[in-house]
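Here the protein sequences line up with chains V and Y, keeping their order. Reminder that position 17 of the first sequence reads as 17 in the working numbering, one-by-one numbering, no gaps. Reminder that position 65 of the second sequence reads as 448 in the working numbering, one-by-one numbering, no gaps.
Quick caveat, the hints were computed from the structure, so don't treat them as lab data. Hints are supplied without guarantee of correctness; some may be wrong.
Unchecked claim - Footprint (simulated), chain V over chain Y, 3 or more residues, beta carbon under 8 Å:
id, stretch
1, 566-574
2, 694-704
3, 757-764
For clarity, every value in this text was computed on a predicted model and none was experimentally measured. For glycine and all other residues, C-beta sits at the position ideal for the given N, C-alpha and C.
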Amino acid sequence: MATLAVEVVYRGIFQRTLARNIVRNIVFAARKDGKIGTAFGRYSDSPERNGIPAKQFAIVCDTALELEESLAVYEAKNVDVTINVDDAMCKGIESWAWYGLQPINELTKAGGTLIVTSRQSADSLLEDIHQKETPYDLAIIPSTVSFSGLWVYKDDHTDMRILGTLCKVCPDLVSLKAMLETIQDQTGSDTKVASAQKAFDRSVTRPVEPGEGNSETPFSFDMPGWKTMEEGLVIRALPAGTGYGGGDEGYVPGRSKVFKKWSTRSMRPVINFETCIKCTLCWLQCPDTCFDVTPDGLYDANMESCCGCGVCEAVCPVPDCVTMVGESEFNDNDSQWEAWQKDKDGYNKWMTVLVENQKSETRTHGFHHVGGYADEINEMEEA
Amino acid sequence: MATAQAALFQESTEELISGSEAIGIACALADVDVITAYPIRPYDTVMQYVARLKADGAFDFDFIIAESEHSQFEIVKHASAVGARTFTGSSGVGWFYAFEAITVTAGLRMPVVAMVGNRALDDPGAFGVEHNDAMAVRDLGWHLYWVATAQEALDMALIAWKVAEDPRVLLPFALSCDGSFLTHSQAIVQVPSKDLVDRFLPSYQRGTLQLHPDNPITVAPQVNEDWLMEIRKQTDEAMRRTSGVIQEAHDEFREIFGRGDPSPFIEEYMCDDAEIILVGMGTLAMPTRVAVRRMREAGKKVGFLRVKFFRPFPAEEIRAVLGKAKGVAVIDRDYSYGSPSFAGVLFHELRSTLYTLDDRPMMLNFIAGLGGREVMVRDIDQIVETTQTAIETGKIEQETTWVAVRE
Numbered sequence: 001m002a003t004l005a006v007e008v009v010y011r012g013i014f015q016r017t018l019a020r021n022i023v024r025n026i027v028f029a030a031r032k033d034g035k036i037g038t039a040f041g042r043y044s045d046s047p048e049r050n051g052i053p054a055k056q057f058a059i060v061c062d063t064a065l066e067l068e069e070s071l072a073v074y075e076a077k078n079v080d081v082t083i084n085v086d087d088a089m090c091k092g093i094e095s096w097a098w099y100g101l102q103p104i105n106e107l108t109k110a111g112g113t114l115i116v117t118s119r120q121s122a123d124s125l126l127e128d129i130h131q132k133e134t135p136y137d138l139a140i141i142p143s144t145v146s147f148s149g150l151w152v153y154k155d156d157h158t159d160m161r162i163l164g165t166l167c168k169v170c171p172d173l174v175s176l177k178a179m180l181e182t183i184q185d186q187t188g189s190d191t192k193v194a195s196a197q198k199a200f201d202r203s204v205t206r207p208v209e210p211g212e213g214n215s216e217t218p219f220s221f222d223m224p225g226w227k228t229m230e231e232g233l234v235i236r237a238l239p240a241g242t243g244y245g246g247g248d249e250g251y252v253p254g255r256s257k258v259f260k261k262w263s264t265r266s267m268r269p270v271i272n273f274e275t276c277i278k279c280t281l282c283w284l285q286c287p288d289t290c291f292d293v294t295p296d297g298l299y300d301a302n303m304e305s306c307c308g309c310g311v312c313e314a315v316c317p318v319p320d321c322v323t324m325v326g327e328s329e330f331n332d333n334d335s336q337w338e339a340w341q342k343d344k345d346g347y348n349k350w351m352t353v354l355v356e357n358q359k360s361e362t363r364t365h366g367f368h369h370v371g372g373y374a375d376e377i378n379e380m381e382e383a
Numbered sequence: 384m385a386t387a388q389a390a391l392f393q394e395s396t397e398e399l400i401s402g403s404e405a406i407g408i409a410c411a412l413a414d415v416d417v418i419t420a421y422p423i424r425p426y427d428t429v430m431q432y433v434a435r436l437k438a439d440g441a442f443d444f445d446f447i448i449a450e451s452e453h454s455q456f457e458i459v460k461h462a463s464a465v466g467a468r469t470f471t472g473s474s475g476v477g478w479f480y481a482f483e484a485i486t487v488t489a490g491l492r493m494p495v496v497a498m499v500g501n502r503a504l505d506d507p508g509a510f511g512v513e514h515n516d517a518m519a520v521r522d523l524g525w526h527l528y529w530v531a532t533a534q535e536a537l538d539m540a541l542i543a544w545k546v547a548e549d550p551r552v553l554l555p556f557a558l559s560c561d562g563s564f565l566t567h568s569q570a571i572v573q574v575p576s577k578d579l580v581d582r583f584l585p586s587y588q589r590g591t592l593q594l595h596p597d598n599p600i601t602v603a604p605q606v607n608e609d610w611l612m613e614i615r616k617q618t619d620e621a622m623r624r625t626s627g628v629i630q631e632a633h634d635e636f637r638e639i640f641g642r643g644d645p646s647p648f649i650e651e652y653m654c655d656d657a658e659i660i661l662v663g664m665g666t667l668a669m670p671t672r673v674a675v676r677r678m679r680e681a682g683k684k685v686g687f688l689r690v691k692f693f694r695p696f697p698a699e700e701i702r703a704v705l706g707k708a709k710g711v712a713v714i715d716r717d718y719s720y721g722s723p724s725f726a727g728v729l730f731h732e733l734r735s736t737l738y739t740l741d742d743r744p745m746m747l748n749f750i751a752g753l754g755g756r757e758v759m760v761r762d763i764d765q766i767v768e769t770t771q772t773a774i775e776t777g778k779i780e781q782e783t784t785w786v787a788v789r790e
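Please construct the entire structure, taking both the sequences and the accompanying hints into account.
Next comes the structure, spelled out in structure tokens:
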């Protein structure tokens, strides 16, 4: 008698097929092992928005009666394995349905495993991953984030490598034999079977002790009840803005105290304040009113509001004045303009390195060139 | 997957599919002629799936994407008139937008089969399940069935065409499927072969009522008070006859496919010696059955009755089960503002059903899971405890309780 649960935390729409492939293959493989399972999405599908964290689950049980207990709940309350397919979400996630920051390892059971696809080291990831009171293992699959734009599935074997790793870290879930047979059945591809096998062979885990990791308290808030909520579905408008930092000059719009967009971003804008021509385009076009106007008339992207869409970078007429940089490069949400004010040389150096690195960064919304498929798979397998 | 689909329908297979996909497959197995669609979540999962079956060449049918739900339902009504087997569906306010077409479909005795992906009615816009959307057809002459699992979705869809198209019935059939819990959860489903389904499901024959150049008829005249009651009475008789047809179809289904509950109308779970019986519909069955099992292990005499058919309402069957209980706790995933007990729709139907009994159980109503909120096993425990207190004290403190609502 056993019930095992796996959650896949993924970026809405961009990684939907990836997540679906993972959970479905788990259930198919479990079937070969004589078990029964279910696969389902939560806060996914239509309300899933580009890049908003979403989840899919696979539950595997010995008997149908046990499975019913799992079907009875909206989602698993704890899981044997958490799979995170974008390392930026190690900072925590907010679904469209749950406002407040959920640590990436929130549902991971004591002694369970967190699998992350990442180019970062375990120590670097643990700067983001929140502390937990119970121990678990961290398994890193060396890989760039598997994105290929809206509704387009980047078939780069990330799913296969995760499935192979999964069989290693949670052998009770499904056997490697059943998983490899399933992959062969479902895809008819020997190279995919080989990718899963290779990931299984190479998988290593690092134990994470209780209390190890990011010590910040995750953001949360209380929801009102029917007696305290305003009637008629009225939502009070936000108060008008103030000057920058509460001063007389500049402008900061009123912002929601509860709806933060931290975990929506997979990238964030980095501003070169030296080359900004104050054209206002980023400020005008930002769909989330995320730009604060500074007392000197520059535009400072506020990281409580930025969802990482990249419109500012697209509309900026000055080369490299606004550059979208991978979210995992950052460990805080502090003001860039204030940092620049304090130490212009220091800021400029930091920014230049980030922007240069970004140019060679392999996080893309597609393959780099026609035929890039084979190159990138080989590259990732070597890593 | 393309490889899996080649084998689909040739022989019986096992598929990992959602409740919506199960109904999509049932459409293919039933060889539906016309499907109309207009997107709204969670119903859209069916239209996406049948579109894929068509694109893959696995299922050939006329797929009409209408410009609104109203046209969507009008088109299948007309297709049904000329003898086409039809399928359509919607959710929440989309279903409501089609209402003029929905009511005439029953009035004209068109056996359209529709899937209602249950969704909370706007406003506020919400995606989660509530049963009020589908319930709006309860007085119109539609069959109304609440599905609990993906397997049941496939099986009942096949039964739906057989019953609706039966010449003794000719009434439309709505399959209610809880949004998310059923429409978006994939489970292992036994998919029968097309051959097996052909043995069960005859082709749709509208006979002398078919609109066809060789059978010149006019459908849907304007009438006055001297005609309407007789027409209504005909529909009433058809709805009365359908219970027997449902039972026949159900028995035949069990014989051919080798699965199915003992009764097509209700599901009894540990009701035999139960002092308290919980009643609910759809996927509420899952947490409730789990809670009942645990309470039984603790020695409590608790059972669960799932109402499957809401129309026709299986009054006899329900009386036979609930009449033996001391307390009945009705869990409604719907609500009727200003109703006699300020309670749920199912509650009122059940109380009306039990009124004819000499010895009536105490009845309490619990409003739970609105907008897709999870109904927890501990919520069910609380419901049973409240009912137990009412039985012990002989007094109902509060007839209707909203479960897990923030004050």
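Verification of the supplied hints:
1. 566-574: Coverage by chain V holds here, the residue count being 5 at a Cβ distance below 8 Å.
2. 694-704: Check failed, 0 qualifying residues.
3. 757-764: holds (count 3)
The structure shown violates just one earlier hint, number 2.
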